[in-house]
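Engineer: Produce the complete structure using the sequences and hints provided.
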Amino acid sequence: MRDINEHTPGEDLIIKTAVRLMVPFAQLFGLYVIVHGHYSPGGGFQGGVILGAAFIMLALAFDVKTSQQYMTIRVNTVFNNLGAAIFVGVGALSAIFGGLFLDYSALDKLIPMGPVEWRSFGIFLVEVGVGFTVMSIMVLLYWNLSSGGAMDEGL
Amino acid sequence: MTPTLSIWPLIAILVSLLGALPIMLSARQPNLRESWTILIALVKLSIVASLLPGVLKGGSYVFTIAQVLPGVPIELRVDALGMIFALVASFLWLFTSIYSIGYMRALDEHAQTRYFASFAVAISATIGIAFSANLLTMYLFYEMLSLSTYPLVTHHQDAEARASGRKYLTYILGTSIGLALPAMIMTYAAAGTLDFTQGGILAGKASPELLALLLVLFLFGFAKAGLMPFHGWLPAAMVAPTPVSSFLHGVAVVKAGVFAIFRIIFHILGPETLQLAHLGSLITYIAAVTILVASLIALTQDSMKRRLAYSTIGQLAYMVLGAGMLSATGMLGGVMHLAMHAFGKITLFFCAGAIYVASKKKNISQMNGLGKRMPITYLAFFLGSLSIIGMPPLGGFISKWNMLIGAVEGEQLVLIVVLLVSSLLNAAYFFPIVYRGFFAPATDGEGDGIKEAPLFCLIPLSVTALVSLALFFFPDTLVQLARMALGTW
Amino acid sequence: MEAVISEIVAKYNYWIYVVLMMIGFYAMIGKRNLVKKLLGMNIFQTAIILFFVSIGVKKGGGIPIVDKYQALAGGVDAATVVNPLPHVLMLTAIVVGVSVTGVALAVLIRIHEEFGTLEEDEILEKLRQ
Amino acid sequence: MSTPNLHLFVLVVPLLSALAVNLWGRNNRQMIAPLVLGSLAFSVLGSIVVMGNVLRHGTISYTVGNWQPPFGIELIIDPLSAMMMVLISVVALLASFSSLKSAEQELPGREAFFFTLYLILIAGLHGLVLTGDAFNLYVLLEITSITSYGLIAMGRGRAALSSFNYIIMGTIGACFYLLGVGYIYILTGTLNMADIARILPTLNAPVATTTAIAFVLVGLWVKMAFFPLHAWLPNAYSHAPTGAGTMVAPLMTKVTVYLMIRVILNVYTPALVFTHDWVTNGVMWAAAIAIVCGSALALGQKDLRRMLTYIIIAEVGYMVGGVFLANSNGLTGAILHIVNDSLMTLCLFLVVAAIIYRQGSVSLDSLQGIFRRMPITMAAFTLGAFAMIGVPPTCGFFSKWYLILGGIDGGHWEFVIALVVSSLINVILFFRIIELAYFGSLADGEHHEHGSTERHEAPWWMLKPLVITAVLLIVVGFSTGPLINNVISLIIPAGF
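Chains as they are written, first to last, in my numbering: chain X, 1 to 155; chain U, 1 to 489; chain A, 1 to 129; chain B, 1 to 496.
In case anyone wonders, no lab produced these hints; they're calculated from the structure.
Treat the hints with care, since some could be wrong.
As the list claims (entries may be wrong) - Partner residues are not named here, just some residues of chain X that face chain B (Cβ under 8 Å, in silico):
1. V78
2. A84
3. A92
4. G99
5. F101
6. L102
7. D103
What the hints assert, rightly or not - Here are the simulated DSSO-like cross-link-like pairs (lysine-lysine), alpha carbons at most 27 Å apart as the crow flies:
8. K16/X <-> K65/X
9. K302/B <-> K126/A
10. K101/B <-> K302/B
11. K58/A <-> K11/A
12. K361/U <-> K372/U
13. K167/U <-> K302/B
For glycine and all other residues, C-beta sits at the position ideal for the given N, C-alpha and C.
Structural biologist: Right under this line is the structure:
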């Protein structure tokens, strides 16, 4: 089996340029899906997966190193924990401000915007948190599984 | 007399349980450690004695430690039967501590701190058994006693001690968890309570078959009483140092088993209910078999301690026989034999230890002519054996006499024969030792270097011998306590 | 005979999910290769997801996406919309399935590093030495 | 922090600290210990306050996000779940002391990952105990399982393979549970436990209900390693890293037994579950076989930790049998045994962790004469052994008392005999080790002790929880009365 790292021009060029063109649009679409999640089809999980797919496409076409240039492991960990912290944090915050857990209308005391608006904005915050976490987990999963945990050249 | 609430029974138990700590801490200075043991023994004896007048007037002291199960609290209650056992145990513990100081020092045994500490825990468990108000508390202290005596039995920590320790545990823990625990819970299921009450709690609540099953489970469940076939652990436990076998397997552990069976017969199953179900004969036949077989085996044993062990099994069966007669005098004899045998047997064990300390001899065949060199030990041995056989000047006579009258009243001819034959057998295995000591010629110059045992050993064995003598002449307090234990019956 | 066939035809989704589940179950228990076991597990989970989603189906029901203002004005007629709740439940089940597969794959890589093979009997052989 | 939703903070604080450990723990390792112990200490205090509230004001029903049931997820905190919360947080705190030390020794550099999974597992367990919604229970069940798969897979050598087997069996169990929930959803149209309990008896669909009950129960039995379905547990718990074993062993199976009790009492109501007596008799016989075989298999083990895992399987048989006795004594015994058994298992696993920290292995022949080298650890082991055997002052005796009493009331003699036989086997099991440890260095018979006699005790950081747990065994034993009167007796429904 010939060494997979040996770059034969032509066959890779097409893939690389295609991926380079598609990644920005994929990320934009992913953001769109996350942002519109709380009142139309879409949402944190699906959007996160699409964003993650963008990075995985990079890792597939080039190699794990290049995709890590765009998102280092450190940033990945931060996104990972930040997302989950947002989800739990918003819920806990609304509990601290007198409401029930995850009852976003209680956040009205923090920034007065009216309980109904706060409900929808609360869900949006949670969707963003979930999106971050899912994106970073998907990418982390791919990185680890493809390179057996060594995070070097990958498939 | 309404029971008076008092904390004293709990303090009596805790004084030696907590006493184990200073003993352990003062491991470095043996003299300080020994003085701690004797101080604790004195304090314990004085507390138990202070409770005596109250009990003699018919009162009882109650103290609840914890309300654990509905209807069955962990509770202490000092009544007449408990008082007899506690008095005997604490009195003899004082002398055993003195004796074991002399014994351990003479043979400079290793790990004496662990020995004295677990001894203190064992005696607190014994007093706990005596003062428990219901079957659960008694079971709790019974288990504590078995577990705290394990390090004592396996004191020498050699292969033989390991094997006998394993045998000791399988018999004792195996029967107590395997037989006594289910029986206790079945009694609780049938009666709703486990408190010791005069005349028993199962009157009319249990069918005869259940009663018989419970009786058998309890008799063999409390294997410390050494009824055949669950007696194997007692000879095996003789591998322990002599003070252990003298106090525990002469007095505390085995008496705890018989005391438990007394509690079951008098205060749980109840003499009348047993008599209605004709179960008295079941107890007496088991006891009779044990007496005869144990006495016969004792004849054949050459090692002094094993012979005493089998004689103990026989005597324990005496007490169960007395209790099994279910007649007033018979049961009275059984209860009194508990005390009489304690003093007699502990004297014999002390003498065996003294002989071993002085002459390093374990087997009877080697003990020719020692009487001339160790007159006090052998005199005490003679008095002790007389008490066990039941000859008049010694206390043992009173209890055996009562049992004989009980058997006659109950027209149980078989029991009368068993009592007489076994007394003869007792004489048959004790007198050769005494004869060999005083009259047989010392075997060619072997015995010249031997002289009396150290003072620490002599005082206890002579005191216990004299006490068993005194019990013949002033038995009234003991008899009164025994009568009150059996209630107005 | 017709009763049996109509019975099967009426509840064909249950039959399909049971068949799928048994295939997955067989693969998990029967197969020697660990990756095949993992695939069996995935089939097993997908069968249950199919079962759940097939519960919500209604004859003539459309996609449960409704125009916001039309819903505010006229309200939603349940008959015309498929029951969305099983779908939502299965979204979580899919997430759970993904994470279990992720962990299992990571564990398989560790096993491969440790024993150099993914055949169960070879591994057991190596362990026995 | 308003106390009405304090119970959720008991869950959220470990979760948030897990994220913090994952974020900062990687490069500065000294951050991990304060975070872990701080969050668990908070959850212990929180759960005790919640227990106080529940006992004063009765059951709290709490809707997450203010969506009223049956749409929103409803959390129910009744005395049983409050007691379980206290138990989980206390056991987790005590186990984490020892896990910190073990992880430091066995997983250098990967403590951050270890304690992230550890804390998420504890948060998941708290969630399991709180939830009042059937599907939410499935999600939390999976959270706890996935984290324990991860924790076990972090061990060395065979750990990965045993974790894979655990994954396969665990997923089968979880999917069976999910199927059961699916059938219930078809029947009742709701997922809220209280609603299901109200609607199920009114339907006359006996076959479907029985299948739903069967699927859920079999699913939970696989998760709790009830005897015929126990194959995964011994390997999983004995090859796991010591820190993971100390935490997972006392909690996972006991919480699953709690779930079974919750499902039987609050979802299917005992009337539905115990209708056919061939079901109860069948389960009783299975429980009796589980007890005897669990103990017997433990006899054959040459390693202390594997022996304890088989004893866990036998203890699961105690609890399942207690529940299916279908009388109040049996159920009281089962619930009491959940508390006692998790404390006993914690005590024994802490001893194993301490010995492994010092000696690296707990195989029986490496325990020779260990009494002299590690006296305090072995004293705690002896106390734990007495509790396992069921010696009175310790807590093990009282739950065994109730179970045997329930067995006698229910007339299930095979259960009573199995309990007594397993106690006897426990005597042999534990005294074999005490004898080995006590006599060990002198096995070859000469008088005075020799071999490494200087004290080689476990570090103080591991001894603290061990001593506390050993004392707790006796304290819980004595406080059986109050525990039952104001906690367990409130849970048992009237008609039992």
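Engineer: Run every hint past the structure and note whether it holds.
Structural biologist: For each hint, the structure was consulted:
1. Against a cut-off of 8 Å between C-beta atoms, the interface hint on V78/X holds, since the closest Cβ of chain B lies about 7 Å away.
2. At its closest, the beta carbon of A84/X sits 5 Å from a beta carbon of chain B; the interface hint therefore holds under the 8 Å criterion.
3. A cut of 8 Å between beta carbons decides the hint on A92/X: the least distance to chain B is about 5 Å, and the hint holds.
4. Proximity of G99/X to chain B holds as hinted, the smallest CB-CB distance being about 7 Å (cut-off 8 Å).
5. Taking 8 Å as the C-beta contact cut-off toward chain B, the hint placing F101/X at the interface holds, the least distance being around 5 Å.
6. Hint status for L102/X: holds, given a least beta-carbon distance of 4 Å to chain B, under 8 Å.
7. Because the closest C-beta pair between D103/X and chain B is about 4 Å apart, less than 8 Å, the hint holds.
8. Taking the CA atoms of K16/X and K65/X, the gap is near 15 Å; set against the 27 Å cutoff, the hint holds.
9. With a C-alpha separation of about 20 Å, the suggested pairing of K302/B with K126/A holds against the 27 Å cut-off.
10. In summary, the hint linking K101/B to K302/B is supported, as the alpha carbons are separated by about 25 Å, within the 27 Å threshold.
11. Restraint check for K58/A and K11/A: satisfied, since their Cα atoms lie roughly 13 Å apart, inside the 27 Å limit.
12. Between the alpha carbons of K361/U and K372/U the distance comes to roughly 16 Å, so the proposed pair stays at or under 27 Å and holds.
13. For the given pair, K167/U sits about 22 Å from K302/B by alpha-carbon distance, which is consistent with the 27 Å threshold.
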